[in-house]
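Each residue of the sequence shown is one higher than the last, beginning at 1 in full-length UniProt numbering.
These are calculated hints, taken from the structure and not from any lab test. C-beta: ideal position from N, C-alpha, C; glycine also. Warning: the hint list may mix true and false statements.
Stated by the list, open to error - Below, in silico cross-link-like pairs of lysine-lysine (DSS-like), each with a Cα-Cα straight-line distance of 27 Å or less:
| no. | residue 1 | residue 2 |
| --- | --- | --- |
| 1 | Lys222 | Lys247 |
| 2 | Lys198 | Lys72 |
| 3 | Lys168 | Lys213 |
| 4 | Lys157 | Lys198 |
| 5 | Lys414 | Lys439 |
To be verified - Across the chosen pairs, the derived CB separations fall in these ranges:
| no. | residue 1 | residue 2 | range |
| --- | --- | --- | --- |
| 6 | Arg158 | Glu362 | 46 to 54 Å |
| 7 | His118 | Leu328 | 24 to 32 Å |
| 8 | Ala313 | Trp393 | 15 to 23 Å |
| 9 | Gln307 | Gly358 | 40 to 48 Å |
| 10 | Asn27 | Thr384 | 22 to 30 Å |
| 11 | Ala385 | Arg101 | 51 to 59 Å |
| 12 | Asp238 | Asp423 | 24 to 32 Å |
| 13 | Pro51 | Tyr259 | 22 to 30 Å |
| 14 | Asp356 | Ala385 | 33 to 41 Å |
| 15 | Leu328 | Met300 | 22 to 30 Å |
| 16 | Asn27 | Val339 | 18 to 26 Å |
| 17 | Gly388 | Gln307 | 14 to 22 Å |
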Amino acid sequence: MTIQELRILPPLAVGRLGAGSPMDNYNAEVDPQKPLGYRKLTPAETFVIDPGTGEITGTRVPQVLRFTENGKVRSVAPFLEVWALTSEGQLEPLTKTLLERAGLTPAAVTWRVHVGNHKVYRRTGVEADRIEAVVGPFSDHAPHALLGDCQNFWPNKRLPLGQVQYIKPTDTFPEIRLRFTPAHGNVYGSSKEQPQGKSSDPNISDVLYDANKGTWQGHYDKSGDPTLTIPANIYAGDQVGDNWVSKGYLDDECDGLVYVELTVEGRTLTAYGRIGAGPPAYAPDSYPVRTVADELEQAMHGPVTPQNEATLAQAEEIIRRAFETVRLMNTAVMNGNTVNGQVDVASTMVRQDTADTGRRFEPIMASSLVDTEAVLNLHQNVFTALRGGTAPWFSDVLREYDQIGDLSAKGRRKMPALMRGADGRYMALTRRQVDLIRKVARRDIFAPEEPGLATPPPNKKEEQG
1 MTIQELRILP
11 PLAVGRLGAG
21 SPMDNYNAEV
31 DPQKPLGYRK
41 LTPAETFVID
51 PGTGEITGTR
61 VPQVLRFTEN
71 GKVRSVAPFL
81 EVWALTSEGQ
91 LEPLTKTLLE
101 RAGLTPAAVT
111 WRVHVGNHKV
121 YRRTGVEADR
131 IEAVVGPFSD
141 HAPHALLGDC
151 QNFWPNKRLP
161 LGQVQYIKPT
171 DTFPEIRLRF
181 TPAHGNVYGS
191 SKEQPQGKSS
201 DPNISDVLYD
211 ANKGTWQGHY
221 DKSGDPTLTI
231 PANIYAGDQV
241 GDNWVSKGYL
251 DDECDGLVYV
261 ELTVEGRTLT
271 AYGRIGAGPP
281 AYAPDSYPVR
291 TVADELEQAM
301 HGPVTPQNEA
311 TLAQAEEIIR
321 RAFETVRLMN
331 TAVMNGNTVN
341 GQVDVASTMV
351 RQDTADTGRR
361 FEPIMASSLV
371 DTEAVLNLHQ
381 NVFTALRGGT
391 APWFSDVLRE
401 YDQIGDLSAK
411 GRRKMPALMR
421 GADGRYMALT
431 RRQVDLIRKV
441 ARRDIFAPEE
451 PGLATPPPNK
461 KEEQG
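Please build the complete structure, drawing on both the sequences and the hints.
Below, the structure written as structure tokens:
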């Protein structure tokens with residue numbers, strides 16, 4: 001048996017910023033007796049890593065889940081595993097034992113990581129504003145800091161973007177793994193004066209950007225620029241005349257590629273995966289109604305769900321996530337209601353409709369219908385009706401993917417309501433999600449109950465510690 005190809009699994013791993021120690025693993029489980037209640041977070045088996053040697057010294061199940069540590073948010077530091085496709089057609093974890101069969105040691109595995117933070121470059125369009133960090137190739141088990149370089153930084157200044165570490169295989173834990181630990185979630189600044197120690201600005205950890213060389217401090221989005229995001233001006237700044245002017249702040253999020261390489265019998269095998277870092281999950285017992293996983297599922301399998309795969313449990317999970325999303329919202333404000341005598345009190349879809357298209361400013365739904373309890377009750381009724389086979393009407397009020405710009409009164413009231421998509425107009429579920437719900441909502445009311453319906457599988461949070 002020989003190693004034919006390599007894979008990195010998962011192919012996409014998302015870490016979360018935090019200055020505390022890495023978060024422990026846990027499961028987010030649905031209570032079958034309270035299917036729309038808060039998900040129960042239960043501790044799960046977690047690796048214990050020796051940061052000096054890079055070895056996994058054991059596992060533990062924490063007694064209590066803690067998302068902060070000494071006032072600091074605990075990061076989420078995911079692992080990426082290398083898998084091997086063998087000459088027998090099997091895809092299996094690449095391990096110390098499998099390497100030994102090929103006459104190799106773990107030192108034969110080499111890694112390279114290339115990540116970047118292009119938020120400033122995305123705004124200014126100036127190549128010298130690109131922030132990138134490259135480490136490797138390396139085969140040791142020491143932590144490797146991801147330090148972002150930028151032509152427009154002050155001399156000897158770099159942006160910390162986290163670290164990576166090749167986990168040292170042992171007889172007990174022989175798998176080949178890399179761990180990505182994101183940065184702390186700090187904010188950095190710009191100046192026209194050479195930094196001398198810590199900045200007086202309480203919002204920033206350090207001054208990195210030389211505002212004499214670059215334009216980020218004082219930048220503002222130009223109206224009519226076809227490359228603008230919608231909405232524009234999504235950076236820290238001040239209103240100066242008609243322009244939203246950047247304060248010159250930087251964050252320490254990043255995304256990029258992890259490469260692994262192994263030479264077997266004269267052939268060099270390679271694979272790559274993607275990593276990224278985002279803000280902490282402040283509602284870990286809830287899920288958004290539309291996720292990256294939904295996008296990837298549609299990209300891989302298409303916009304239509306086969307009839308035999310459209311299960312009630314899947315449709316219920318979408319409704320549950322919609323319920324959880326609404327539970328986190330102030331629906332009266334998001335609807336455009338007058339609150340405490342004030343009109344237009346926040347950035348809402350109502351405001352965007354008026355600012356972008358000149359549509360009359362008016363609430364989306366009747367003001368009396370968007371009390372939080374009323375909206376939650378509506379979702380609960382939909383959930384109950386789906387289970388009872390009496391909700392074919394629900395699929396007809398879902399917004400189609402090509403109706404996100406329908407600003408008629410009826411169009412704005414489609415579901416999901418009050419939320420913006422990535423393109424700045426009304427949120428729609430993916431075509432595959434809508435197709436699944438319609439197939440389930442219109443199924444035979446007297447069809448046999450699906451096995452295991454009352455106890456949908458738990459959703460495991462990939463918070464690898």
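If you check each hint against the structure, which ones fail?
-> Failing hints, ascending: 3, 16.
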